[in-house]
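Chains as they are written, first to last, in our numbering: chain P, 1 to 257; chain W, 1 to 302; chain U, 1 to 464.
One or more hints might be untrue.
Below, a list of computed lysine-lysine pairs in the DSSO-like style, where the Cα atoms sit at most 30 Å apart [as the list claims (entries may be wrong)]:
| # | chain 1 | residue 1 | chain 2 | residue 2 |
| --- | --- | --- | --- | --- |
| 1 | W | Lys18 | P | Lys138 |
| 2 | P | Lys107 | W | Lys181 |
| 3 | W | Lys163 | U | Lys356 |
| 4 | W | Lys18 | U | Lys462 |
| 5 | P | Lys138 | P | Lys107 |
Hints are computed from structural coordinates only; laboratory data are not their basis.
Here's the letter readout for the chains.
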Amino acid sequence: MIEFTEASVVYPNGFRALDKVSLTIEDGEFVVVVGLSGAGKSTLLRAVNGLVPIVEGSVKVHGQEVVGATAAELRELRSRIGMIFQTFNLVNRATVVSNVMMGRLSKVPRWRSILGMWPAQDKELALQALERVGIVEKTYERASNLSGGQQQRVGIARALAQEPTVILADEPVASLDPVTSHMVMRDLQRINRELNITTLINLHFLDLARQYGKRLIGLRDGKLVYDGDINDVDDDQFREIYGRAITPDDLLEGAEA
Amino acid sequence: MTVPDLVPDAVSDVPRPKEPQFTKWLRIIIVVGLIIPLLWSATGLEISPSRIWEAPGQIWTLLGGMFPPDWTGTPKTIELILESLYVAWIGTIIGATLSFPLAFLAATNVAPRSVTLPVRSFFSAIRAFPELVLAIMFIPAFGLGPFAGTLAIGLHSIGTLGKLSSEVIEGVDDGPIEAIKASGGTYFQQMRFGVVPQALPTIVAYWLYRFEINIRASAVLGVIGAGGVGAEIVGRLRFRGDWPKAGAVLILTIITVLLIDTASSIIRRRIITGHASSSRPAKWMAALLGANDEPSTEIAEA
Amino acid sequence: MTTSQGSLTPPAMGTSERPEPPIQVAGLVLPLLAAIAAYTLAGLLGSQAILWGLLIGAVTAGFVWWRNFVQEIPWLVAIVVAGPIATSLFSSVLRSRTTVIEKGLSSRASLSWLLFGLVVGLAMSQASRPRLPGIAIAARSMATALAFGLSSFLALQAGTSIGYIEALRGREIDGGAIQFLTTGFYVQAGAILLALGLAAAVALRLRNGVLFAGASAVVMTLVAVNQINFSVKEILSSFTRLGALAGEFWPPDWAWPKTIGQPEAVHIFEPFIETLQIAVIGATLGCIIAVPLAFSASRATAPNYPTYWFSKAFMNVFRTIPDLFWGILFATAVGFGSPFAGALAMIMFSLSIMAKLLSETVDSIDVGPLEAAKSAGARHWQMVQYAAYPQVAPNYVAYALYIFELNIRASVVLGIVGAGGIGRLLDERRNFFQWDQVMAIVMVIFVAVILIEIFSIWVRKKIV
Chain P
1 MIEFTEASVV YPNGFRALDK VSLTIEDGEF VVVVGLSGAG KSTLLRAVNG
51 LVPIVEGSVK VHGQEVVGAT AAELRELRSR IGMIFQTFNL VNRATVVSNV
101 MMGRLSKVPR WRSILGMWPA QDKELALQAL ERVGIVEKTY ERASNLSGGQ
151 QQRVGIARAL AQEPTVILAD EPVASLDPVT SHMVMRDLQR INRELNITTL
201 INLHFLDLAR QYGKRLIGLR DGKLVYDGDI NDVDDDQFRE IYGRAITPDD
251 LLEGAEA
Chain W
1 MTVPDLVPDA VSDVPRPKEP QFTKWLRIII VVGLIIPLLW SATGLEISPS
51 RIWEAPGQIW TLLGGMFPPD WTGTPKTIEL ILESLYVAWI GTIIGATLSF
101 PLAFLAATNV APRSVTLPVR SFFSAIRAFP ELVLAIMFIP AFGLGPFAGT
151 LAIGLHSIGT LGKLSSEVIE GVDDGPIEAI KASGGTYFQQ MRFGVVPQAL
201 PTIVAYWLYR FEINIRASAV LGVIGAGGVG AEIVGRLRFR GDWPKAGAVL
251 ILTIITVLLI DTASSIIRRR IITGHASSSR PAKWMAALLG ANDEPSTEIA
301 EA
Chain U
1 MTTSQGSLTP PAMGTSERPE PPIQVAGLVL PLLAAIAAYT LAGLLGSQAI
51 LWGLLIGAVT AGFVWWRNFV QEIPWLVAIV VAGPIATSLF SSVLRSRTTV
101 IEKGLSSRAS LSWLLFGLVV GLAMSQASRP RLPGIAIAAR SMATALAFGL
151 SSFLALQAGT SIGYIEALRG REIDGGAIQF LTTGFYVQAG AILLALGLAA
201 AVALRLRNGV LFAGASAVVM TLVAVNQINF SVKEILSSFT RLGALAGEFW
251 PPDWAWPKTI GQPEAVHIFE PFIETLQIAV IGATLGCIIA VPLAFSASRA
301 TAPNYPTYWF SKAFMNVFRT IPDLFWGILF ATAVGFGSPF AGALAMIMFS
351 LSIMAKLLSE TVDSIDVGPL EAAKSAGARH WQMVQYAAYP QVAPNYVAYA
401 LYIFELNIRA SVVLGIVGAG GIGRLLDERR NFFQWDQVMA IVMVIFVAVI
451 LIEIFSIWVR KKIV
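Taking the hints into account, I'd like the entire structure generated from these sequences.
Here you go:
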C-alpha cells in the first residue's frame, strides 16, 4: 500500500512540483497518472521511491516512511520498487544481461558485485525476467543494438529482476511508435495482472490511459485534481486536468480524434 | 517474499542463448597482461615492504619541513616564475607560428601523400625528444640560461602542435573547399577561406593548451640550468634548513600555474563554443574586462 | 562580368534597408595605424609633452567620433583635454628623480594613462545607447582605464627593450639621458600604448575578444622577448658554433658502456630497463588510483559535496606540479638516486592527468542509467561501477595508453634529479662533457619512445 499524506515536493531551485497531495493506492492496483508536462507527474512517481526532496507531509510505502528514511532504509525500499523510464536509461555499451543484473545490485554482497561474480539464482532471475518480456534471445547482445521497443522491454526486465512489489513507469511509451507503445502497455498490464504488482504509470496520451488504466489520477500544477475510476471520466473532467480542450496531440492515434 | 514464477507459458519455449566465453577470456588476459609487467617492474625498483612502510612517514617529514613556508625570498621567486612564463610563452609562439603552415603540409585532405609522410615523420621525430633532453643538447651551443630552454620548448611544441593542428585540418568539412575550387579559387584561397575559418578556433585552443603544458615544462628546465624556477626548487630542497623556502617557492608556483590554467581554460571554452561559460571564474573574468552586460544588438545601433 | 539582365535586385526589394555591417577587426587596423603614425609624428616633433598630448587626445577623440562611439561635443573636448594632462604627468614622472627605468617607475608613470583611459571609458559608456546603469558605466570606465594603464606599463617595459633604448636598460640615467629618451623612446612606447589602449577600449566597447586577445598577445610577446633576451640574431650566429659542436656529438660513442667505470661496467640498457619499469608502475598504479578520484570529482558521480569539492581541489592542485618536481620532492623524501622515488613521482604524475581527463569525460555521461541504478536500490559505488564506468571505459583505456606514452617520456629525465632511470646516466655523462656518449643515450631514448608510440597507436586502433 502506498499512502501520500499532504506531501509536498520543492526542488532546490524553489520550484514547488508537488503541492499537498494526499492519496492511497492499494496493493495490486493499476493506476494511470495524467497531466500536462510540468504538472508534477514525474515528481509524484519519484516521491514514491524518494528520488525527490519531500519537504512536508509523509509518503509511506508498505508502512515504510520515505520522508526522513536513512540511506540504508531508502535503498531497501527502492530495491522493492521497480522503475521504468521514458528514455529507457540503459547502459548502451553494456550487454542486455548486465543491464538487467542492475536490478539485483541491492541483493548481492558487495564483493560479488565488485568482481562481477553473480550468484546462480540471481542470473536465473534475470533470464526469467527477460523471458517474461520475450527477448531472452538478445541476452548477450549490446543494449545499443536493440530497437526502441526492445530496449524498453530490457528496462521492464530490469525492474522485474528486482522482484518488485511496486512498479513505477515514467512515460514508458513516450519515445516509442504507436504499435510498440501498445505492446509495451500490454506487457505492463499483464505483469500487473499475473504478478499482482502495484503499477503506477505516467501517460501523456489520453486514449492509452483510457484503454489500459483502471484508476486515473489527474495532476495540475502539482495539485491533485482528479482521482477515480477511469471509466467515469468525461471530456469535461479531462479539460479540467489539462486546463484546455483536448487536442489531437494528446492522443496516440491523433488522427482518430 | 517468495520468488514468483515469472515465466508465462506463451514464451517459455524460446531457447536461452549460450553465454559467450570470449569476453570472459579477454578479461583474464587483460588482468594477467597487467599484473605480470607490474610485478616485473616492482622487482627492478628496489621496492621492499619496509620502504613502502616508511615512505608515508618520510613524505610527511618533508612536508612538515616545508611548513610554515619562509616567504623572505618571494621577490626573487616571482622573478624566476616570470622567467619561466616568458620561456613558455616564447616557446609557444615559436611552436605555433612554425607549426601552423607545416600542419597544412601534414594533413592528408589538403596535401599529397608524398608531402604528408615526411612532414608527419618530422613531427613524430621531434616529439620523441622530451624538452629536457633537447635543452641538454642545446646548452653547449647556446649556453646556460633561458635561451636554450626557449628553443627546446619551441622545437618540441612544433612537433606536438603540428600533429594536433594537422588532425584538426583533416577534420574540417570538405564542402567549402570544393565550393571555392569550383568557383576557380587558387590553392592558397582554398586554404585561406575554406580551411582556416573552420580549423582556426580549435587550433588556437590547442595553442593555449600547449602554453599551459609549456609552463610546466619550462618550470622544470631550471633543473639543468636552462632558466626559470626549477633551479630554485632543487637548490632549496638540497639543505634541510632551506625547506621552508622551498615550500614558499612550491606554493607560489602552484598558485601561478593554477591561475593561468583557469584563465586559459575559460578562454579556450570561449573560443571553441563561441559563447562565454557561466562558471564563477568565467563571470569574474568577464566582470574584470567589463564585458558582461552589453546586449550584442547594440553593435548594429552604434 | 556583367549580365545583360541588369541588376540582381528586383525593384520591389530595393526598399528594405541594408543592415549596418558589424565593425571588423580589419576595419580597425587602419585607424590604429593612423594613431601610431600621429604618435610617431608627435614624438619626432620633440619633447613637447603638451603638444603630443594634444595630438593623442585629438586622434583618440577623432577616432571615437568617426566610429560613432561618442557624438557629444563636451565628451570629445574632454578627451582632447585629457591627452595633454596625461602626457605632462607621464613625462614629469619620467623626468622625476629617478635613476633607472625599473618597474616602480613604469607603474607610477602608467597612472597618468589610467586617468586618460578613465576619461575615454567614461565618454564611451556615457554615450552608450540604450543608457547603461550606473554600475555598468563604472565597470566599463574602470576596465578601459585599466586597459590604458596596463598597456602603458607594458609599453614602457617593452619600449625599453626594442631598438634605441637597449643601451639604457638598467643603466643609470641622468637628465641628459632622459633627453635622449624623448624621441625614439616616446615613439615606440607611445605607439604601442596608443594602439593597445585604443584597441582595448574599442574591443571592450564592441566586445571584440579577438582584437583584445591579439593586442594582449603582441604585448606579452614583446615583454617576454625583452625579458629573456631572446633574439633571432643569436640563433643565426650560433649555427656556426653548432657546426663545430657537431663533431663532438657525432658519431655516438657506443663503446663506453663496456669500458667506463671498471671493474663493474655500466651497461646502457640496465638503467633503461629501470626507466621502463618506473613508467609501467607509474602508469598502471596512477591510472588505477585515479578512477575513484575521477568519479568523486564529477558532480553526477560524487558521493557527496565535500568529497566532490576536495577531489576537485586536489586534482587541480596536483595537476599544476610538473613531473620533474614530483621527482625532486620524492627523491628528497625517500632517498636520492632511488628508482622508488621515480615510481612514486610517476604515480602522482599519471594520477593527476588521468583524474582530470577521466572526470571531464564522466561529466558528459548520460545520467539516465545512474538514476535507474539508484532507483533499483544500488549502493553509490555499485551505481558508479555498473551505470557510469561502462560509459567511459573505452575513453579510459585510450587515456591510459596516452599516459603510458607520457610516462616513458617523463621518466627518461627523472634521473637528472636523482629519481632513478636512464636520466641519471644522461646527467652524469653531461657533467663530464662526453657529448658523444650523451648522443648514444639520446638515440636509445628516441628509438624507445618511437617504438612505444607505434605500439600505443596500434592498440588504440584495435579497441576503437
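Tested hints:
About 11 Å separates the Cα atoms of W:Lys18 and P:Lys138, which keeps this hinted pair within 30 Å; it holds. Between P:Lys107 and W:Lys181 the alpha-carbon distance is near 65 Å, which puts this suggested pair outside the 30 Å criterion. Note on W:Lys163 and U:Lys356: the hinted pairing holds, with a Cα-Cα distance of about 22 Å set against a maximum of 30 Å. Between W:Lys18 and U:Lys462 the alpha-carbon distance is near 26 Å, which keeps this suggested pair within the 30 Å criterion.
Taking the CA atoms of P:Lys138 and P:Lys107, the gap is about 24 Å. The hint holds against a cut of 30 Å.
The structure is inconsistent with hint 2 alone, although it conforms to all the rest.
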